[in-house]
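Asks: Quick note on numbering: the sequence shown equals residues 48 to 407 in my numbering.
Fair warning: there could be bad hints in the mix.
25 Å max Cα-Cα, derived DMTMM-like pairs, lysine to aspartate or glutamate [what the hints assert, rightly or not]: (1) K351 <-> D301; (2) K155 <-> E207; (3) K398 <-> D301; (4) K406 <-> E280; (5) K398 <-> E296; (6) K110 <-> E75; (7) K398 <-> E148; (8) K406 <-> E75; (9) K110 <-> D286; (10) K110 <-> D303; (11) K406 <-> D254; (12) K155 <-> D118; (13) K398 <-> E375; (14) K351 <-> D264; (15) K398 <-> E280; (16) K155 <-> E172; (17) K351 <-> E375; (18) K406 <-> E172; (19) K406 <-> E296; (20) K406 <-> E383; (21) K398 <-> D286; (22) K351 <-> D254; (23) K155 <-> E75; (24) K351 <-> D118; (25) K406 <-> E291; (26) K398 <-> E207.
Bear in mind the hints are in silico, worked out from the structure with no lab data behind them.
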Amino acid sequence: MSRRTERTAMVGGGYYNRNSTLQALVAERCGALVSPADVQAQHLTLVDYGCSEGSNSIRLIGKALTVCPEDSTVTMVFNDTPANDYISLAATIDRFLQDPETRQSARKLMPLMAPQSYYQQIVPEASVDVGFSTATLHWIGRLQPTAPDWLPADADVAAEVLADICCFLRSRHREVRRGGHLLLSFPVAGALSLECAYPSIFQCLHDLSRDGVISPDAASHFRLPFHFRTAAEIQQALDAVRAEWAVVEHFTLDVDHPAFLQFHATLPEGPDAVPDALALQAYSQAISAGFVAIIGNTVVDTAKRFPLAVDAPAALALGSHPEAVIREQMAARLQERLQQSTFWQTPLGNKYVFLKLRKI
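Whenever a hint applies, use it, and build me the whole structure from the sequences.
Replies: Shown next, in the form of structure tokens:
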């Protein structure tokens, strides 16, 4: 698989901000790993690599700010791909800066946006005190097929994900000052996962194909753009950069999806418990929206690679905004499929690895 600048982003317009509650918990936990000793300079630079619309970036940077000197000047850099919704991101940042609690602080906050792939250098050398990346490094956009007869082999994927994380860490090594830190968290292979919902996703795509929203080729060739690394793969990556980064903290944590916890609290006791219909509807809607926020644009990209015939009635019915129609229809069909399935019987969330690295 050849490297290219990743152009896909999370769904914008406030959609990801509203539907990323699992990632929000992880961001707060990651931000809490910053200690006062990490941020004692009067001029500090904090960077979030993979910020999307910014709500979770604000959570983790907000945690970090609580241990920054009260009289410090803090540059906050928000990075994502050029395809990200920077209008929504700017609005999120502005809400944070105008918040009364933020305005009460004497800290000077200087926000910047960096619309570039984080697989390259995006800020000057030795300028970053603390860098963050949460719930992004499992994303492997190049898993998507570009032709009907092309799918990457498992060995290619394994080599690609190692190359990805090493490229990311070496780009950050140029940017972080000596003794500065990089805090990472991303989902990894584990018993707690989102896999109980995967069958519904693929059924939903075939529903969209049947309804003429996407082509049969798009439905059959789509792949989930994730790779959940094993402990061995993470250690392999850390070994590859051991001369550049020292491991300060390394642990894993199971994080239940907030929507699952809320739904589970409504279940009657007993092995034959039947879920409340409204509670199941709300749970299915939350999980559907969460997946669309993450992969909706990737489904759109795949639909563009394997398009409907231009003269097909369904293609004409999509109108001038086919991307929005695909996402809206996907959310509705996925919710229906989830409600019809038994996914609610399985705990839903992810195992996350947390890494705190110090530049050598």
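Asks: If a hint holds in the structure, say so; if it does not, say that too.
Replies: Right, here's what the structure says about each hint:
At most 25 Å may separate the alpha-carbon atoms for a hinted pair to count; K351 and D301 exceed this at roughly 36 Å. About 40 Å separates the Cα atoms of K155 and E207, which puts this hinted pair outside 25 Å; it is violated. Distance restraint check for K398 and D301: the Cα-Cα separation of roughly 4 Å lies within the 25 Å cut-off, and the hinted pair is therefore satisfied. For the suggested pair K406 and E280, the alpha carbons sit about 21 Å apart, so the restraint of at most 25 Å is met.
For the hint linking K398 to E296, the alpha-carbon distance of about 16 Å falls within 25 Å, and the restraint holds. A threshold of 25 Å between alpha carbons decides the hint, and for K110 with E75 the separation of about 7 Å falls inside it, so the pair holds. Our distance criterion of 25 Å between C-alpha atoms is broken by K398 and E148, whose separation comes to about 33 Å. The hinted pair formed by K406 and E75 meets the criterion: a straight-line CA distance of about 22 Å does not exceed 25 Å.
For the hint pairing K110 with D286, the CA-to-CA distance comes to about 30 Å; that exceeds 25 Å, so the pair is violated. For the hint pairing K110 with D303, the CA-to-CA distance comes to about 21 Å; that is within 25 Å, so the pair holds. Simply put, K406 and D254 have alpha-carbon atoms about 49 Å apart, too far for the 25 Å limit, and the pair is violated. Among the hinted pairs, K155 with D118 is consistent with the structure: their alpha-carbon atoms are about 8 Å apart, no more than 25 Å.
Proximity of K398 to E375 is assessed by CA-CA distance (about 29 Å); at most 25 Å being required, the pair is judged violated. A threshold of 25 Å between alpha carbons decides the hint, and for K351 with D264 the separation of about 11 Å falls inside it, so the pair holds. For a cut-off of 25 Å, the pair hint linking K398 to E280 stands: about 15 Å separates their Cα positions. Distance restraint check for K155 and E172: the Cα-Cα separation of roughly 22 Å lies within the 25 Å cut-off, and the hinted pair is therefore satisfied.
At most 25 Å may separate the alpha-carbon atoms for a hinted pair to count; K351 and E375 meet this at roughly 16 Å. Using a Cα cut-off of 25 Å, the hinted pair K406 and E172 holds, with the two alpha carbons roughly 13 Å apart. The hinted pair formed by K406 and E296 meets the criterion: a straight-line CA distance of about 13 Å does not exceed 25 Å. A threshold of 25 Å between alpha carbons decides the hint, and for K406 with E383 the separation of about 48 Å lies outside it, so the pair is violated.
A distance of roughly 22 Å separates the Cα atoms of K398 and D286; the hinted pair therefore holds under the 25 Å criterion. About 17 Å separates the Cα atoms of K351 and D254, which keeps this hinted pair within 25 Å; it holds. Note on K155 and E75: the hinted pairing holds, with a Cα-Cα distance of about 22 Å set against a maximum of 25 Å. In summary, the hint linking K351 to D118 is not supported, as the alpha carbons are separated by about 50 Å, beyond the 25 Å threshold.
As the CA atoms of K406 and E291 are separated by approximately 6 Å, the hinted pair is consistent with the 25 Å bound. The straight-line distance between the Cα atoms of K398 and E207 is roughly 22 Å, inside the 25 Å bound, and the hint therefore holds.
In this structure, the earlier hints numbered 1, 2, 7, 9, 11, 13, 20 and 24 are contradicted, and the remaining ones agree with it.
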